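Trainee: Chains A, B and C, in that order, give the protein sequences. Count along the first sequence from 1, then add 442; that gives the number in this note's numbering. Count along the second sequence from 1, then add 442; that gives the number in this note's numbering. Count along the third sequence from 1, then add 442; that gives the number in this note's numbering.
One or more of the hints may lead you astray.
As the list makes no split between identical chains, a pair holds if one copy fits it or if it spans any two.
Within a straight-line C-alpha distance of at most 30 Å, the following computed DSS-like cross-link-like pairs (lysine-lysine) qualify [stated by the list, open to error]: (1) K486 x K547; (2) K473 x K524; (3) K571 x K486.
Quick caveat, the hints were computed from the structure, so don't treat them as lab data. Keep in mind that this is a model prediction, so the values were computed, not measured.
Each chain, letter by letter, is given below.
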Amino acid sequence: MGFSFLPKEFNFFDLFERQVGHAVEAANCFKELVTNNMNEDSLKNMHDIEHQGDEVTHEILNNLNKTFITPFDREDIHALAKELDDIIDMLYTIANRLRVYKITKIDKNLIEFANVIGESVRAVACAVKGLRSMKNAKSISESCVEVNRLENVGDSMRDSMLGELFETAKDPIEVIKWKEIYQDAETVLDICEDVAHVVQSILVKQA
Amino acid sequence: MGFSFLPKEFNFFDLFERQVGHAVEAANCFKELVTNNMNEDSLKNMHDIEHQGDEVTHEILNNLNKTFITPFDREDIHALAKELDDIIDMLYTIANRLRVYKITKIDKNLIEFANVIGESVRAVACAVKGLRSMKNAKSISESCVEVNRLENVGDSMRDSMLGELFETAKDPIEVIKWKEIYQDAETVLDICEDVAHVVQSILVKQA
Amino acid sequence: MGFSFLPKEFNFFDLFERQVGHAVEAANCFKELVTNNMNEDSLKNMHDIEHQGDEVTHEILNNLNKTFITPFDREDIHALAKELDDIIDMLYTIANRLRVYKITKIDKNLIEFANVIGESVRAVACAVKGLRSMKNAKSISESCVEVNRLENVGDSMRDSMLGELFETAKDPIEVIKWKEIYQDAETVLDICEDVAHVVQSILVKQA
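Model the full structure from these sequences, guided by the hints.
Mentor: Spelled out as structure tokens, the structure:
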């Protein structure tokens with residue numbers, strides 16, 4: 443019922459909603475993985491989510507290339523799809539790194555990071571889902587501010603964890619491993635912030 | 443003989459053909475360098491190729507800025523030129539790193555990587571050369587699929603090499619060096635995949 | 443007095459002038475920080491400059507999203523603002539890293555890098571300020587050439603510093619720290635070169 447001149451446009455919102463859904467799943471799965479000391483199921487699950495994320499990204503970019511009229515600027519759709527995919531990829535990269543480095547005892551720092559990442563990805567999801575209607579501008583904007591705040595929290599966390607690591611670690615090999623893992627964890631929050639920036643620029647253009 | 447309304451367009455195909463030519467040369471030279479344990483000639487050769495690659499890239503981007511009509515989207519031409527240049531740059535970066543780290547004994551892993559990189563860059567070359575005519579769409583697409591496959595192969599290779607390195611290496615300094623080199627080698631395959639993505643999006647838009 | 447049809451355009455030049463001003467301040471502050479062995483004041487100052495840089499970047503991007511007519515291509519304005527911001531961010535990142543790694547004795551190499559960075563950022567500032575008028579094309583172009591030259595100087599510096607580090611350092615932890623710091627310092631020069639490339643492409647388009 444009803445008739446829309448721009449039926450194709452709405453697909454983008456559905457696709458982005460699916461994509462942020464996968465990002466939230468990835469963040470939950472990552473949390474599970476690190477709290478359960480790298481159980482096999484979470485690792486396999488992580489891999490599946492990464493794959494599903496790739497497929498939605500591909501679908502968005504393909505639709506973008508074939509669609510003339512888009513609900514917002516093409517380059518913003520492109521950036522949004524790419525960066526939401528990067529969130530999932532980065533979480534998978536860390537999970538895979540923990541496996542490759544044969545880390546079986548996850549330290550409490552990484553669990554702390556997993557919590558902040560979960561909060562940030564959920565705020566990203568709120569912001570992206572809100573884009574369906576500019577009536578949500580205020581709450582979208584608040585979610586973006588929250589993502590920016592959590593990125594700062596992550597910076598401080600990484601700095602204090604690295605400071606501690608360099609001061610206390612005896613084994614240089616352990617320093618090499620954990621330094622990279624903490625920096626990667628913080629990178630997830632950087633990517634979330636990049637998504638927030640794209641969302642904020644979409645808001646400005648529509649205002 | 444014959445007459446073309448779009449003579450300028452054809453320059454881009456010639457320039458891209460030259461650029462992928464340099465990329466293939468770089469991959470061959472890299473193979474030679476690592477199989478011949480860093481001989482001076484290959485290193486110098488690598489540097490020359492990198493320089494020639496820069497020049498074509500510059501020429502493409504300059505032409506792009508001065509040309510109004512282009513055979514495909516400006517941003518795709520820009521991305522293609524940049525990423526083909528990145529392939530060559532990354533290969534030179536690894537070669538230079540091997541020199542700076544005074545590595546004289548190349549391990550068999552890196553030779554294995556050089557082979558996969560060679561295969562991937564040749565597939566990239568097929569894809570890019572095919573762009574002259576959309577009649578090649580099927581074979582272009584197959585080359586892109588091959589590049590994606592080789593990127594997955596590279597991921598597994600890097601993972602198993604890093605796993606082995608962390609498990610067996612005694613000297614942390616060696617871990618620092620080789621970890622970076624394996625990760626860089628895999629990055630070359632990532633960049634090849636980026637090129638394949640650009641090519642695939644050009645295909646979709648022309649379809 | 444006088445009347446302009448494009449009053450909005452001129453804002454961009456003022457904003458870019460403010461932004462390169464902050465970049466020069468950041469380079470000066472970085473020099474001070476490393477020559478004075480990490481005094482607290484310089485570190486705080488660095489943080490303030492980074493914050494001011496963020497604000498101008500935000501202002502430029504916001505104006506860009508709200509302005510229809512721009513003095514040069516939108517994507518060039520965007521790239522210029524982002525990369526000038528990246529210069530400041532990277533300098534702050536290094537300063538913060540020195541703090542986190544509790545490095546109190548700065549080696550002469552980093553001071554040498556701080557000098558080259560200062561030169562490069564000042565050349566970037568000349569190039570960017572020159573954009574107000576295409577009469578400056580020749581001097582803008584010369585500044586860009588200088589930035590490119592200094593990037594090559596930085597490459598050689600980093601290579602010889604890394605070579606020395608790997609050859610002489612006894613403590614792997616020290617290698618981890620300084621390797622990252624030298625590479626970051628060279629990255630500042632890479633970003634300056636990226637700015638020069640954007641400026642050069644603006645020149646080509648206006649020619």
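Trainee: Looking at the structure, which of the earlier hints fail to hold?
Mentor: Going through the list in order, the structure violates no hint and respects every one.
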